[in-house]
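Student: These are the residues of each chain, in order.
There are 2 protein chains.
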Amino acid sequence: VSTSTSQSAAAARHFAFIGGDNGIWRVTQAETLIGETLASAPRLEIAPAELPAGDAAAHWVLHGVTSNDRYVERSEKAALQAVQAGLGRPAAFCAALIPIRKTATWWAMTQDERREIFQARSQHIGIGLRALPAVARRLYHCRDLPGPQPFDFLTWFEFAPEHVGAFDEMLRALRATPEWHYVEREVDIRLARDGH
Amino acid sequence: VSTSTSQSAAAARHFAFIGGDNGIWRVTQAETLIGETLASAPRLEIAPAELPAGDAAAHWVLHGVTSNDRYVERSEKAALQAVQAGLGRPAAFCAALIPIRKTATWWAMTQDERREIFQARSQHIGIGLRALPAVARRLYHCRDLPGPQPFDFLTWFEFAPEHVGAFDEMLRALRATPEWHYVEREVDIRLARDGH
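Protein sequence lines, in the order shown, are assigned to chains E and H. Sequence positions in the first sequence follow this note's numbering and run 186 to 381. Sequence positions in the second sequence follow this note's numbering and run 186 to 381.
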């Protein structure tokens, strides 16, 4: 029982973000901030998917997997959980998909070195906390997945249109941190849910 | 250039451990310590592989990916690097493949909670250090890979036959730690390289 539970939980952690002509999310804007650009696509479909899909019509497919916390400590997690909102709120029909890749230097660092930059020097958690509960967020990891992975992380955000300012302010603050010196590719894709 | 370098590095990080009739490693012993057993296999092949292989002749295939450090800090890494040996030493023709799965409770913990158990309470790094340089080690991650993954980690060890005692002592010490309360499946497969 333990085995099958873990395995179905694992299956539900893998998702494909498919840029193309399908999906309930309409791309409203796309900007390459650092590094190589990503092909444009009119719509985005998000589907549970374990393996690279052979979707010939897709402009691009990015895979990601949700996973355990890598940096957050218990007291920080408690602070986040006390205020955060979940995905799928009807009023939060604006979204952003922000794929990021970090440098080889970042990945060669030990855990304490990465945590020092992430939190002590960059206040990553505190900056994110200021945008809660307006902005809902889910992080997907790509770096260890099979296949050529153009990004290390995909972060998905949802917010109501009146909170786009708070969202942009959060991004502005994050992009000014020492942590962002280690970002070598970043694309910012804005979307709206069908019907809006 | 940066893109293609990162992508080929990623490709070389994925491996398949194939239990069956092929490969230079002969299985000399296999023991299930915790949880479900693994089918027996006479030999082991280790091959670079990104995706689950359809090898009908294989008794089992376990996939793993090398990745960044998850717990080790810089001072600990320096201590390890000062004494550790690499894989492939001709005299180190004994090997062990130890697949492990940890509990849902382990994975629900935050980074500081896991680190506290891993090192402050279990001295995982110190126990491993005592077996260096006799025992060479490489860790592969499985938990976030696609497909049903029966284990979270595969650890591969190589040592000369005169160091099997030091290796067994290291395992005995690790298995007695608080960290091992969170291990829900563990198989210990011993092997010898062809010609020995």
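Hints are computed from structural coordinates only; laboratory data are not their basis. Be careful, since some hints might not be right.
Since the list gives no way to pick one copy over another, a pair counts as held whenever it fits inside one copy or between any two copies.
Below, simulated DMTMM-like cross-link-like pairs (lysine to aspartate or glutamate); rule was C-alpha separation at most 20 Å, straight line [claimed, not checked]:
| no. | residue 1 | residue 2 |
| --- | --- | --- |
| 1 | K262 | D379 |
| 2 | K262 | D297 |
| 3 | K262 | D373 |
| 4 | K262 | E221 |
| 5 | K262 | E301 |
| 6 | K262 | E235 |
| 7 | K262 | E230 |
| 8 | K262 | E371 |
Since the structure is predicted, the reported quantities are computational estimates derived from the model, not experimental observations.
Student: Are there hints from earlier that the structure breaks, and if so, what are their numbers?
Tutor: The structure conflicts with hints 1, 3, 4, 6, 7 and 8, although it agrees with all the remaining ones.
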